[in-house]
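Chain B: place on chain A using the hints.
The listed protein sequences correspond, in order, to chains A and B.
Under the working numbering, the residues of the first sequence are numbered 1 to 255, in order.
Under the working numbering, the residues of the second sequence are numbered 1 to 176, in order.
Take a look, some chain A residues computed to stay more than 10 Å from chain B by CB distance: (1) Thr23; (2) Val71; (3) Met87; (4) Arg88; (5) Val127.
Which stretches of chain B does chain A cover? Using the computed rule of at least three CB atoms under 8 Å from a CB of chain A, they are: (6) 68-77; (7) 152-163.
Listed next, with one range per pair, are the computed distances between beta-carbon atoms: (8) B:Ala85 x A:Gly25: 54 to 60 Å; (9) A:Thr23 x B:Ala105: 53 to 59 Å; (10) B:Thr40 x A:Ser122: 28 to 34 Å; (11) A:Thr27 x B:Ala176: 55 to 61 Å.
No lab work stands behind these hints: they were computed from the structure.
Positions of the beta carbon are idealized from the N, C-alpha and C atoms, including for glycine.
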Amino acid sequence: MSTATNPLARLRAPRALAEVLGTPGRTAGFLVSSGVVAFFYTLLLPFGYTQRFELANWGYLDAYLLAWAVVLGLAMGLVLSVQAYAMRRVAAARAASGAAGGVAFVASLLPSFLCCTPVIPSLLAFVGVSGVGLYTTTGALQHFFAVHQSEFLAASLLLLASCAGGGCARWQARSASSTTAAQWGRRRMKCQAWSPPAAATSSPLGRERPGPARRGRPAAQPRPEGPGTDKEPFGEQGTDAPATAASDRRRPAPG
Amino acid sequence: MAVALHVANSGSGPAPASGSAGASGVPPSVGTTAPNGTFTTLAGKTETVAGLRGKPTLIWFVTTWCSSCQAGTQAMAQDVATLAADGVRVVEVENYADLGQSGPAMSTFAKALAGSAFSSPDWTFGEVSPALTRTYDPKAYLDIYYLVNAKGKITYVNSSPASTMPQLLGAAKALA
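This is chain A alone, in the form it adopts within the complex (with noise of 0.2 Å):
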């Protein structure tokens, strides 16, 4: 992520996430979806233990398991509100928390699967390793994962929770870069009023604008407000930026 670098941006990161869960049906939606994930973590996590996906793996679960099980359900429970509020924001953002979260989900299932399965030295004597080869190779690494098990979680716990906070910063620092457009905008306006057009083009506020975004665009107009102009999935055609308030209220109309 590159916002991870950016101290200002990480700054930016509990605000995003605020507005993320900040309607009590965004607040539900990360309760439910993170129990749901935590109840199938109590599943998956003791299945080394029986080799089965049922209720009876709750048997095995103890206080170790079952704390990984709520924390990454709760992990992962944000990581999939942050992907539907970026479904609906930042098609960029979505992308990158959608495949890390992908990567954590499975990471932290690996110990559980490739430990006392049958996976590991199938595969191996699929691909004609035998004798004492499929011995040494086959309990290294069972024992890999069987021993590295909360190497494994702690890993995949960081992961969701980089891909969350990282995914919200970079939406915030992109929507406050936003803003600051839109602020240079309202005064590039200002100087349009009482400037000869001579002197608007030549402006030094209007290099400092966004490139690409607005090259070719008119200057910003005042667009008239109203429902559902804050709801559009884009903030801006051809970029990934959000339509915040702000941005939007400055974007010049269509046609």
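Chain B only, in chain A's frame:
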């Protein structure tokens, strides 16, 4: 909701050719005679698989650092008496050197997980030679068991007793 992932070598599954066990990477199959070999009990006594004939026996190969083996041993502690009632004794042995990885000693593993059933006369713990490990567990599964009848024939093969105990008890009852 019950999706299983087993070794799946039950009696109804495809049976490898008889006599090809171990050496060619194929585990002994249902209907064949259990290959002979030696194992050492925790008491230090050396015994043979052939010497187990005369009484139905469950020969179970485990790896002590394997979570399904630990859970299976706990499950076995609950049902060893049921198996004994059907005339079946249990011989639980550690794969040679825990498949080359460090794990708890078999004695520690057994005492901790079998509990009071550790001292049951129908449950023997031990360690096996490299040859016997390769013969019965050629694919290096962490956990695999064979139910052998009184004549030394294999009647049922599977793994993870924690999840396959009902099938195992059914197979044992069929021997009675």
